[in-house]
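Asker: Here's the letter readout for the chains.
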Amino acid sequence: MPKIAIQASGLVKWFGEGEAKTMALRDVSLEAQFGEMVYIVGPSGSGKTTLLSVLTGILKPNSGKVLLEGTDIWGLDSDQLADFRLGKIGFVFQDYHLFPRLTTAENAAIPLILKRKPWDEALQEAEKYLDVVGLKSRAELPPVKLSGGEQQRVAIARAIASQPDILIMDEPTASLDGDTGVAILSFVQKSVLSKDRCIIVVTHDDRIYQFATRILKMEDGRLKGSEKSTA
Amino acid sequence: MKGILKLAYKLLVNDKAKFSALLIGITFAVFLMMFVTSMFSGVMKHASANIINIGAPLWVMDPAVETVSNSVGMPAYVLDAVRSMQGVRYAVPLYSGGALVKLRDGNYQTVTVIGLDDTSLYGRPELIAGKIQDIYAENGFIVVKDAEFSKLENPHLGSEFELNDNRGVIVGVAKVQTSGLYGIPTLYTTYERAIQYIPNPRFTISYVLVEPKSASDIPLIKKQVAALGYRARTKEEFMQNTEDFFLYKTGGGTNLLIMMLISFIVGLSLSGQTFYTFILENLERFGALKAIGEKSRDLVFMILFQATFTAFTGFGLGIGMCVLSVLLAKARLPSYAAMITFSNLAISFGMVLVIAAVSSYVAIRRVLKIEPFDIFRG
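Line by line, the protein sequences are chains U and W.
For the first sequence, the numbering used here gives the first residue as 1, with consecutive numbering after it.
For the second sequence, the numbering used here gives the first residue as 1, with consecutive numbering after it.
Since the hints were derived computationally from the structure, they do not count as laboratory data.
Just so you know, not all the hints are guaranteed correct.
List of simulated lysine-lysine pairs, BS3-like, C-alpha gap at most 30 angstroms [what the hints assert, rightly or not]:
| id | chain 1 | residue 1 | chain 2 | residue 2 |
| --- | --- | --- | --- | --- |
| 1 | U | Lys128 | W | Lys369 |
| 2 | W | Lys151 | U | Lys145 |
| 3 | W | Lys2 | U | Lys88 |
| 4 | U | Lys115 | W | Lys18 |
| 5 | U | Lys136 | W | Lys16 |
| 6 | W | Lys369 | U | Lys21 |
| 7 | W | Lys2 | U | Lys115 |
| 8 | U | Lys21 | U | Lys3 |
| 9 | W | Lys6 | U | Lys145 |
| 10 | W | Lys223 | U | Lys145 |
| 11 | W | Lys249 | U | Lys136 |
| 12 | W | Lys175 | U | Lys117 |
| 13 | U | Lys65 | W | Lys10 |
| 14 | W | Lys10 | U | Lys195 |
| 15 | W | Lys295 | W | Lys18 |
| 16 | W | Lys222 | U | Lys117 |
| 17 | W | Lys369 | U | Lys115 |
| 18 | W | Lys2 | U | Lys136 |
| 19 | U | Lys145 | W | Lys18 |
| 20 | U | Lys117 | W | Lys2 |
| 21 | U | Lys115 | W | Lys10 |
| 22 | W | Lys10 | U | Lys117 |
| 23 | W | Lys369 | U | Lys88 |
| 24 | U | Lys117 | W | Lys295 |
| 25 | W | Lys369 | U | Lys136 |
| 26 | U | Lys117 | W | Lys18 |
| 27 | U | Lys60 | W | Lys16 |
| 28 | U | Lys117 | W | Lys16 |
| 29 | U | Lys115 | W | Lys295 |
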């Protein structure tokens, strides 16, 4: 029986007070298992990013519970939560957020450096992951010398360098052309997804829906349920 | 932690344009600050030249005296009274005044004449040519070989000049610790000859130099001198009074303060602004680091390290530039008044620390405010 990676129940989140109060999440519950690549899709303002932030311990919900690998993350203090994210969760951001003044290898090594690995050791290990994403030959170049697709791969290498159990990808194809976006997600499905890893992808790019194990649709702060399952 | 510091270091120095701007800002500010304070220290040292060169531990003077170069004559009984005071080992008179010397070429040159006590020659300079006892010879004067020496046509033993229609002969050439402030050559002679050669008011003792029996007697001597209607100052107090005069009564202090303020503002605005821009440019990436799992205190540590590293490097470069400039200036102009002291270094270091603290405080506030959620929201 597959293990549960993410278990969230009764998540409620609002912003503002009084007349300015906006409901971002309305009683959202979801479950994701290891080996799954779950897409959360929906129009802008539907609450996808808020849900992602609540699930990863970045934004505290007004009510509800989030268990990641059985740990109630909102029961942890801020330091424990930071350590938990560093050890268990990998992030691929929409705009990559790579440091332009560092080399590709140094960028990919950041989570390892934050984990207090010695500099040279972290760089050597990061190069292994750059090899996984096919960019070992570009290890010494700064990210600005790379194409958008290559930068996204560096971001993926950085996200998986700390060997996280849960990988979060926020709009991974938003800054890429169609073919590159498809190629990246195809690569993620083949090389990054494993039976010990759960990947959550927030997107509204329907060209990459083919790689999802399951697609959850969000609308007006509510999860509308699974639209497709290839599992 | 070492890896995080290396990361902070690389983020800083790899942005060459901003790092250079940061360094230029701090270096320039330190250079300005060091330069202006070292010039002031140099000027103060020269202003106190006679106090330093004569070296007496206690000086008795008219209460109106503010600097060593502006003495007010005291009657002879003051010397006798001081000599009889409790705690005084001995006391001698000193004459200090200005005069015009007629040189061999017919030109006139202003000089400072120091008249030493005839009996003890207390406060005499170290001779590099001639014998000290020759000061008692007819018309004997000792010339100080300092930066102003050439203004007396580079005199040698036996050189003659006229002073108030009196003949003067150089019988010795001396060196002193520091030359005077006003670019005037100095001549030493005996007290009696000085007051004989130079037209004087009724009272001729400029200072009474006192050697106390012990340092603990100084307060008592001061009290007795004050009761006499005069004032006794230690060497250090007299130097401080001279410095205070230039600081507070000549506008020098205001100018010094303005220059220090300008250098501080230049440093703070250049470096603070650049550092803030550097942080702003990387703000989202710092937010990404937070999302990945970096703790806020580690980010604070990174920023403090960057600010401190820049500040210390800029401080070193600023000091280096200032030392080089002073050395070059002194090589060309021997009388150039600039002196780097520990207080100058401490003031500049304090200023650099404030610049680093303000810059990092503003940067840290921004970094702590950025929420990883903002990174997701884009």
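Asker: Each of the hints needs a verdict: does it hold here or not?
Answerer: Now the hints, each set against the structure:
As the CA atoms of Lys128/U and Lys369/W are separated by approximately 35 angstroms, the hinted pair breaks the 30 angstroms bound. This hinted pair does not check out: Lys151/W and Lys145/U have alpha carbons roughly 68 angstroms apart, beyond 30 angstroms. With a CA separation close to 23 angstroms, the supplied pair Lys2/W and Lys88/U stays within the 30 angstroms bound. For the hint linking Lys115/U to Lys18/W, the alpha-carbon distance of about 28 angstroms falls within 30 angstroms, and the restraint holds.
A hinted pair counts as satisfied when its Cα atoms are at most 30 angstroms apart, and Lys136/U with Lys16/W qualifies at roughly 26 angstroms. For a cut-off of 30 angstroms, the pair hint linking Lys369/W to Lys21/U stands: about 22 angstroms separates their Cα positions. As the CA atoms of Lys2/W and Lys115/U are separated by approximately 11 angstroms, the hinted pair is consistent with the 30 angstroms bound. Annotation: proposed proximity of Lys21/U to Lys3/U is violated, straight-line Cα distance about 37 angstroms (limit 30 angstroms).
A hinted pair counts as satisfied when its Cα atoms are at most 30 angstroms apart, and Lys6/W with Lys145/U qualifies at roughly 23 angstroms. A hinted pair counts as satisfied when its Cα atoms are at most 30 angstroms apart, and Lys223/W with Lys145/U does not qualify at roughly 80 angstroms. At roughly 71 angstroms between alpha-carbon atoms, Lys249/W and Lys136/U are farther apart than 30 angstroms, so this suggested pair is violated. A C-alpha spacing of about 64 angstroms is found between Lys175/W and Lys117/U, which places the hinted pair above 30 angstroms, so the restraint is violated.
Pair hint Lys65/U plus Lys10/W does not hold up; C-alpha atoms about 40 angstroms apart against a cutoff of 30 angstroms. Between Lys10/W and Lys195/U the alpha-carbon distance is near 37 angstroms, which puts this suggested pair outside the 30 angstroms criterion. For a cut-off of 30 angstroms, the pair hint linking Lys295/W to Lys18/W stands: about 26 angstroms separates their Cα positions. This hinted pair does not check out: Lys222/W and Lys117/U have alpha carbons roughly 69 angstroms apart, beyond 30 angstroms.
The straight-line distance between the Cα atoms of Lys369/W and Lys115/U is roughly 23 angstroms, inside the 30 angstroms bound, and the hint therefore holds. Taking the CA atoms of Lys2/W and Lys136/U, the gap is near 25 angstroms; set against the 30 angstroms cutoff, the hint holds. Taking the CA atoms of Lys145/U and Lys18/W, the gap is about 20 angstroms. The hint holds against a cut of 30 angstroms. Under the criterion of a C-alpha separation no larger than 30 angstroms, the hint pairing Lys117/U with Lys2/W is consistent with the structure, at around 9 angstroms.
For the given pair, Lys115/U sits about 18 angstroms from Lys10/W by alpha-carbon distance, which is consistent with the 30 angstroms threshold. Proximity of Lys10/W to Lys117/U is assessed by CA-CA distance (about 17 angstroms); at most 30 angstroms being required, the pair is judged to hold. At roughly 25 angstroms between alpha-carbon atoms, Lys369/W and Lys88/U fall within 30 angstroms of each other, so this suggested pair holds. A distance of roughly 16 angstroms separates the Cα atoms of Lys117/U and Lys295/W; the hinted pair therefore holds under the 30 angstroms criterion.
Among the hinted pairs, Lys369/W with Lys136/U is inconsistent with the structure: their alpha-carbon atoms are about 36 angstroms apart, more than 30 angstroms. A hinted pair counts as satisfied when its Cα atoms are at most 30 angstroms apart, and Lys117/U with Lys18/W qualifies at roughly 29 angstroms. Restraint check for Lys60/U and Lys16/W: not satisfied, since their Cα atoms lie roughly 39 angstroms apart, outside the 30 angstroms limit. Distance check on the hinted pair: Lys117/U and Lys16/W sit about 27 angstroms apart at the alpha-carbon level, within 30 angstroms; holds.
Only pairs whose Cα atoms come within 30 angstroms are accepted, and Lys115/U paired with Lys295/W is accepted, the gap being roughly 11 angstroms.
Of the numbered hints given earlier, the model fails hints 1, 2, 8, 10, 11, 12, 13, 14, 16, 25 and 27; all others are met.
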